[in-house]
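Q: So the number in the numbering used here is just where the residue sits in the sequence shown, counting from 1, plus 16.
Calculated from the structure, these hints are not laboratory results.
These numbers come from a predicted model, not from an experiment.
Derived pair list, reagent style BS3-like, types lysine-lysine, alpha-carbon separation capped at 27 Å:
1) Lys85 - Lys68
2) Lys113 - Lys68
3) Lys84 - Lys37
4) Lys84 - Lys68
5) Lys113 - Lys84
6) Lys85 - Lys113
7) Lys85 - Lys37
8) Lys37 - Lys68
Estimated spans, in silico, between C-beta atoms of each pair:
9) Cys114 - Glu45: 17 to 23 Å
10) Lys84 - Glu64: 20 to 26 Å
11) Gly99 - Leu128: 17 to 23 Å
12) Glu18 - Leu132: 33 to 39 Å
13) Val29 - Leu128: 28 to 34 Å
14) Lys37 - Pro129: 33 to 39 Å
15) Phe117 - Val29: 17 to 23 Å
16) Ser98 - Leu33: 29 to 35 Å
17) Gly91 - Lys113: 18 to 24 Å
18) Leu33 - Glu125: 29 to 35 Å
Think of the CB as a built atom: it goes at the ideal place given N, C-alpha and C, for glycine as much as any other residue.
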Amino acid sequence: SETRWNTAAGFHVSLRLLVGKAEFPTLLEAMFNMLRDEDLLVRMTIFEHFHKIYISLNLSHYEDLVLKKLEMFFGDLISLVSGNWRMQQVFAEQVEKCIQFFPALYLREHLLPPLLQIAEEGV
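Let the sequences and hints guide you as you build the complete structure.
A: Right under this line is the structure:
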């Protein structure tokens, strides 16, 4: 658990250094594994750096792959943050920091529905 937390805490820095040098799908899969980690602290830590990670991923030549993977993640978002106001708050803050990098149609179809559901939950 501590190793996964340390990895999550520095993942945005590692990613910035490795984009273009390491196998990109492997890096992407590592991020999604941490976003779904069983340990709340690991998930919270990776969420806290989501905008930095997304911007690094968005600057790569794999934007379509990133958006497709995020589509699956946003589908799981409700279960990942449900009942935890702090996770919801952190995620909303992170999305606000990188929202301009998402295509408008993508936001409407994939991000807005789970965000509305989180808002309606009212934790």
